[in-house]
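Please construct the entire structure, taking both the sequences and the accompanying hints into account.
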Amino acid sequence: MAVNVSCSGRVLAVGLDLTAGEYLVYEVSFLGAQAVFAITDLTGAVILSPSTPPVTPGKCRTRWPLTTPSQDDVTHTLVVHFVAATQYIYSAIRYDKSGNQLQTCKNCTYASTTATDYFPEALRILLTK
Amino acid sequence: MSSFTKGISGVLVLVLVIAGHAARTSAQPAAPAAAGVGDAFSEWLRAQLIAANQATGEAAKVAVGSRSNANQTEAPSISTNSTTLVDTSSASDLVGIALNAAGLTAGTSSSKNSTDTTTGSATVSGYALYAAALGYEPLSPEYYCQPWASAMRRFSFTAGFDDGNSGTNGSAPSATQSSGSKPAETTNSNNVKPIIAGAKVILWGRDVCRADFAKVQEAVDTATTAFGKLSNDIQNRLLEMYQDGKFNRIFNETRDGSAVSATDEMNFLNKLRDTETFTKIQTEVGLDTMNSWVTAAAVKAFSDLNSAASLAIAEFQQRPQFSVSFQTKQPQNGGADQYQGEAIFDYGINRLFSFTGNGSYNVQHIQGQNAQGGQIAAGLQFQFSPDKLTGPKPVRLSLLGQAKWMEGVSPTYSAQFKINLPIPYVQWLAGVEVPISITVANRSDLINEAEVRGTIGFTIDTSQVLATMRNISGLDQSQ
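If you're matching them up, the sequences are chains R and C in order.
The first sequence begins at 49 in my numbering and counts up one residue at a time.
The second sequence begins at 233 in my numbering and counts up one residue at a time.
Don't read these hints as lab results, they were simulated from the structure.
Idealized CB from N, CA, C, for every residue including glycine.
Don't take every hint at face value.
What the hints assert, rightly or not - Quick list of in silico lysine to aspartate or glutamate cross-link-like pairs, DMTMM-like style, CA-CA up to 20 Å:
1. C:503 with R:121
2. C:461 with R:89
3. C:461 with R:70
4. R:177 with C:496
5. R:107 with C:497
6. C:532 with R:89
7. R:107 with C:369
8. R:177 with C:497
Unchecked claim - Which residues of chain C face chain R? A partial, calculated answer using Cβ under 8 Å:
9. 443
10. 457
11. 494
Next comes the structure, spelled out in structure tokens:
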């Protein structure tokens, strides 16, 4: 069965002005027994995964960047897998340095009851630094 | 009111209670309220990977957790009119309901009375009771894998009834009964017999909360990076063409190879989400050319992910389970009280065959005296295809055998052929099945002659229904 996707925000690329203190917050929550997902960059570094300490059971969150990255152009990709979960909610929000929300880059729900289903979603980030 | 009508009414009340709870617990927002936002570029890329992977191997789409074929929704085997001779080791995550109506049962003419029984049962897990009492969403990860939740899912409780002319109140003296043996009931009364059962899973190999999906996670990590690289690489190729003016006609621009600002770059990339624009770009570049950009490395990463998931799921579904149960049936208007302590073992031989074995110690108490006995039962289940976890479970065939001994009574040997028929094509009926069985026995419980009996019923696994209804609702963009 295909993965059902519903998004209220979904951009392919976003600008992030690090000189102005902007940052992204990624959040993944799920329904099911176990989450299997990852957000990685192009070097394979894991930004968010189930091994990230959850903020509440079933919900993981992280802020990016924690240190200034060396590249000007990065891509962060999410893959969710439905082996032991039936639904994921993914959000990537851009904030200013005061914590005000500037843009919803991703706000999507992915659902499937087929255990071998997965869904990839990429976000390209053009940095000003 | 007939026994059949009473049975139907009871089940309907139970279904309404569960449906009400499901509606309440499903009320949390599952999807954004706004209309779906598409992304043509990502969809094309995903489609390319899926198409490339379809040729690389079979994706075993099988179920986990709530769809385990070791979860019993049929009435327990102590029921006169159960569609199964063999009990399985675990129950539905929430509530399993079974009804086998008297009017749906056929027997040989000589054994007609012994089969004119309506059997109904509802099995509820300790977890479902606890979650309902406290108003928890039972399938939420916030609760589902908490240690207390896993512990409570090990316990299940069944309440049911046999209603009608039944021959299983006791056993008649037979030609082989020795003098002085303990008395057995000979009454064939119209009698409602409540059934109570409790079970605990001791060895729970198929607890999805403790399943090890580390290898799937590793494969996801790798595939995630591979998808990012592929997406980035293709976007860079398109950006280069955009800079060179290849898409000037599409965007009504006059680019000539000079540098593109970061803002223009971002705007161009986000225009790739639009289906019409992306189609024009595909036409301009050439479909074959774009498809050829999908790298073997990315295809392999997702092929490896499919393999890792398939293997993990197959291993999970074949793990052994062992449980113990206690069942009792106590007629209201006289007859033998029956008690049964049972050990149950399930083992997945491979993805299509599974084995179940039962051994039990039975006691019948009547007229102040006990008769002791035991039974062993075993079954081999076959399904034509691995469970797809989408919609109904596959059709399953079972060959079951049972040998039953009781003091003062000749042994009973039964063989059963059973088919579990799902309701096809209707998503929200995915948890509903019609089990049909044909049983051949060397003797019935009341008469010492061979018996052939056909039984048909229906069962509902509410955890499947709830999961399916949640997946159907609220998601407005199917991809």
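Hints, one by one, checked against the model:
Only pairs whose Cα atoms come within 20 Å are accepted, and residue 503 of chain C paired with residue 121 of chain R is accepted, the gap being roughly 18 Å. A threshold of 20 Å between alpha carbons decides the hint, and for residue 461 of chain C with residue 89 of chain R the separation of about 9 Å falls inside it, so the pair holds. Using a Cα cut-off of 20 Å, the hinted pair residue 461 of chain C and residue 70 of chain R is violated, with the two alpha carbons roughly 25 Å apart. Between residue 177 of chain R and residue 496 of chain C, the direct Cα distance comes to roughly 18 Å. Compliance with the 20 Å bound is thereby established for this hinted pair.
Simply put, residue 107 of chain R and residue 497 of chain C have alpha-carbon atoms about 33 Å apart, too far for the 20 Å limit, and the pair is violated. Proposed proximity of residue 532 of chain C and residue 89 of chain R is supported: the alpha carbons are some 19 Å apart, at most 20 Å. Among the hinted pairs, residue 107 of chain R with residue 369 of chain C is consistent with the structure: their alpha-carbon atoms are about 15 Å apart, no more than 20 Å. As the CA atoms of residue 177 of chain R and residue 497 of chain C are separated by approximately 17 Å, the hinted pair is consistent with the 20 Å bound.
With a cut of 8 Å, the hint placing residue 443 of chain C at the interface with chain R holds, because the nearest CB-to-CB distance is about 7 Å. At its closest, the beta carbon of residue 457 of chain C sits 5 Å from a beta carbon of chain R; the interface hint therefore holds under the 8 Å criterion. A cut of 8 Å between beta carbons decides the hint on residue 494 of chain C: the least distance to chain R is about 5 Å, and the hint holds.
Comparing the model with each earlier hint shows violations of hints 3, 5; every other hint is respected.
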